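**Q** Chains as they are written, first to last, in our numbering: chain A, 1 to 70; chain B, 71 to 556.
These are calculated hints, taken from the structure and not from any lab test.
Note that the structure is a prediction, hence the values are computed from the model and not measured.
We put the beta carbon where it would ideally sit given N, CA and C, even for glycine.
Accuracy of the hints is not assured; some may be wrong.
[Unchecked claim] Cβ pair distances, simulated, as ranges:
| # | chain 1 | residue 1 | chain 2 | residue 2 | range |
| --- | --- | --- | --- | --- | --- |
| 1 | A | L61 | B | R190 | 20 to 26 Å |
| 2 | B | L367 | A | K65 | 45 to 51 Å |
| 3 | B | D226 | A | L61 | 44 to 50 Å |
| 4 | B | F118 | A | L35 | 47 to 53 Å |
[As the list claims (entries may be wrong)] Pulled a few chain B residues facing chain A out of the computed Cβ check, cut under 10 Å:
| # | residue |
| --- | --- |
| 5 | A144 |
| 6 | G160 |
| 7 | V277 |
| 8 | L278 |
| 9 | A294 |
| 10 | V298 |
| 11 | L303 |
| 12 | R304 |
| 13 | R341 |
| 14 | L343 |
| 15 | S508 |
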Amino acid sequence: MTDEPLRHRRFMLLLAFCAVASAPFPFAGRPLRLLGGLPLWLWWSLIFTAALAFLCCVALLRYWKDDARD
Amino acid sequence: MTEFARELLVASSLYVVLLIVLGWLGRRARREDSLSDHYLAGRNLGFFVLLLTLFATQYSGNSLSGFPGKTYRAGLAYVMSVTFMVAIVGGYTLFAPRLFRLARDRSYLTPTDFLDDRFRSKTLNALATLIFLFVLGNFLLAQLMAMGHAFSGLTDGAFSYRASILCGAAIILAYELLGGMRAVAWTDALQGGILMIGLTIVAFLLVLDVGGPTAVIGQIAAVAPEKVTPPDLRSCWTWLGNLILLGMGGPLYPQAIQRIYAARRLGDLRRALATMSILPLLAITTVVFIGLCGILLFPGLDAVESDSVTFLVLGHLSQAQPGAHLLILIVMLAVVAAIMSTADSCLLSLGSIVSRDLLGRLRKIPPEEIDRFTRFSPLVSVFVMLLLCLVALNSQTTLWKLLVLKFEILIQLSPAFVLGSRPSLGVTGGHILAGLFSGLWIFALCWSFGLRDVGGFHSGSLAMLINYAVVLVSCRIGRGGALTAA
Chain A
1 MTDEPLRHRR
11 FMLLLAFCAV
21 ASAPFPFAGR
31 PLRLLGGLPL
41 WLWWSLIFTA
51 ALAFLCCVAL
61 LRYWKDDARD
Chain B
71 MTEFARELLV
81 ASSLYVVLLI
91 VLGWLGRRAR
101 REDSLSDHYL
111 AGRNLGFFVL
121 LLTLFATQYS
131 GNSLSGFPGK
141 TYRAGLAYVM
151 SVTFMVAIVG
161 GYTLFAPRLF
171 RLARDRSYLT
181 PTDFLDDRFR
191 SKTLNALATL
201 IFLFVLGNFL
211 LAQLMAMGHA
221 FSGLTDGAFS
231 YRASILCGAA
241 IILAYELLGG
251 MRAVAWTDAL
261 QGGILMIGLT
271 IVAFLLVLDV
281 GGPTAVIGQI
291 AAVAPEKVTP
301 PDLRSCWTWL
311 GNLILLGMGG
321 PLYPQAIQRI
331 YAARRLGDLR
341 RALATMSILP
351 LLAITTVVFI
361 GLCGILLFPG
371 LDAVESDSVT
381 FLVLGHLSQA
391 QPGAHLLILI
401 VMLAVVAAIM
411 STADSCLLSL
421 GSIVSRDLLG
431 RLRKIPPEEI
441 DRFTRFSPLV
451 SVFVMLLLCL
461 VALNSQTTLW
471 KLLVLKFEIL
481 IQLSPAFVLG
491 SRPSLGVTGG
501 HILAGLFSGL
511 WIFALCWSFG
521 LRDVGGFHSG
531 SLAMLINYAV
541 VLVSCRIGRG
551 GALTAA
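One chain only, chain A, in its complex shape:
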């Protein structure tokens, strides 16, 4: 059985969305607001970056299969 991440289009779109959303566009030019001592825009970026890392792991470990070579 073979599989690869690119065959899962919705999943790859979600991955691309997390990558793009990590840039803090909604906060551009706005005043600094803190949450738990850290800027709110930093939380936003770090959460989407962590989501991107998690989705990359899922893509590699779950959607990349090749029984003949594993």
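With the hints as your guide, set chain B onto chain A.
**A** Okay, now just chain B, sitting in the frame of chain A:
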């Protein structure tokens, strides 16, 4: 020479002996006299070595000294470097699965082997080889120069810039010539390990000395609020541009592609890459934290001085935490290790491309006879290293400018790998060449007019998007509008 510089010199000497021993062990582990064994370690790298060699290769001297410098100048917005280091792993998912399968079945040695097998275009092979050589040559040159600056700086000038470059180059050549990829991967594993330990130590010491992230950001907000305010729209576009540039370009480094070829099993490769996607959340946040602490500890540095902020912070820690003397020594070694591990991987990859793609392919040596080039590999490595040492010793600023170009040129090869690894799309060598020439032409045009970015978006990333569009449109026209993916 200070006491600390003397201790660093002793520690570095011990470290070099260890590298040479690993090179010798790599030679003893050699199974056959072939290019595949020399340049890909017999395609037998397991999970642990593969992970550490990927880590050490991806995190160059620039990551440890350049990133904190950029954080110092740009402020907290440079946390974008965490995202684009994760995005590099995302970039692998676009073509690595098919490339790994093909590399196993068709015994690829260099990235151009895939392009030749897939497109059978001599022009594309020649152009790709030139791009890879340009990128690797520049990258290795940068590492040699960084090695010169780092070691002469760390030893308080006891080792001159020139002596540091020549000694570093000789050491890398020694273990690479002894054991090829096996030695490079094993020394990378050692260097990657030191790098991980070093980063953990520096994060721990900084928290003890300056305070945690909330304390540091709070203090910066009081003295330099512009360094923590949300990035403006232009910076957000630059963020996105960097994400595309590194996410698409990082996995295309020849040394990165050759590590895909060198994996023992698919499972090892998948697990190593998955771990690599998590590591930036720890490693690069620490690197950014060093830059942020630098803003507090050393205010008022200019652009050139800020590139040394890592060394300034480490120097401060060695004075502020006298008990942590040995730990700081390990961190200093980690900086040298990061530079050396990237340099050795570049040199090995350059050697393989010169042997296989330049000498082998241009002289039309049949694949079954290509292994006789093994005997030329040491000569190729020595020649390449000597040439680049000469350039590094007479460092020219124009070459540093060329260095900036490398990613923007490299990503023009992205459609060849991403679309080329999907045969059902019907993309031919002609389509890829049309896109490649368009991308390179647009990029050259932007560069010649001094247009480095459009609203913060890199001109190279823009050229790559046009490159993709040209390939897909020409392919669609060629197939009468019936473009479908498998």
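**Q** Could you run down the list of hints and mark each one as holding or not?
**A** So, going through the hints one by one against the coordinates:
{"no.": "1", "hint": "A/L61 <-> B/R190: 20 to 26 Å", "verdict": "35 Å, violated"}
{"no.": "2", "hint": "B/L367 <-> A/K65: 45 to 51 Å", "verdict": "49 Å, holds"}
{"no.": "3", "hint": "B/D226 <-> A/L61: 44 to 50 Å", "verdict": "47 Å, holds"}
{"no.": "4", "hint": "B/F118 <-> A/L35: 47 to 53 Å", "verdict": "39 Å, violated"}
{"no.": "5", "hint": "A144", "verdict": "14 Å, violated"}
{"no.": "6", "hint": "G160", "verdict": "5 Å, holds"}
{"no.": "7", "hint": "V277", "verdict": "14 Å, violated"}
{"no.": "8", "hint": "L278", "verdict": "18 Å, violated"}
{"no.": "9", "hint": "A294", "verdict": "12 Å, violated"}
{"no.": "10", "hint": "V298", "verdict": "6 Å, holds"}
{"no.": "11", "hint": "L303", "verdict": "4 Å, holds"}
{"no.": "12", "hint": "R304", "verdict": "9 Å, holds"}
{"no.": "13", "hint": "R341", "verdict": "7 Å, holds"}
{"no.": "14", "hint": "L343", "verdict": "5 Å, holds"}
{"no.": "15", "hint": "S508", "verdict": "23 Å, violated"}
Going through the hint list in order, the structure does not satisfy hints 1, 4, 5, 7, 8, 9, 15.
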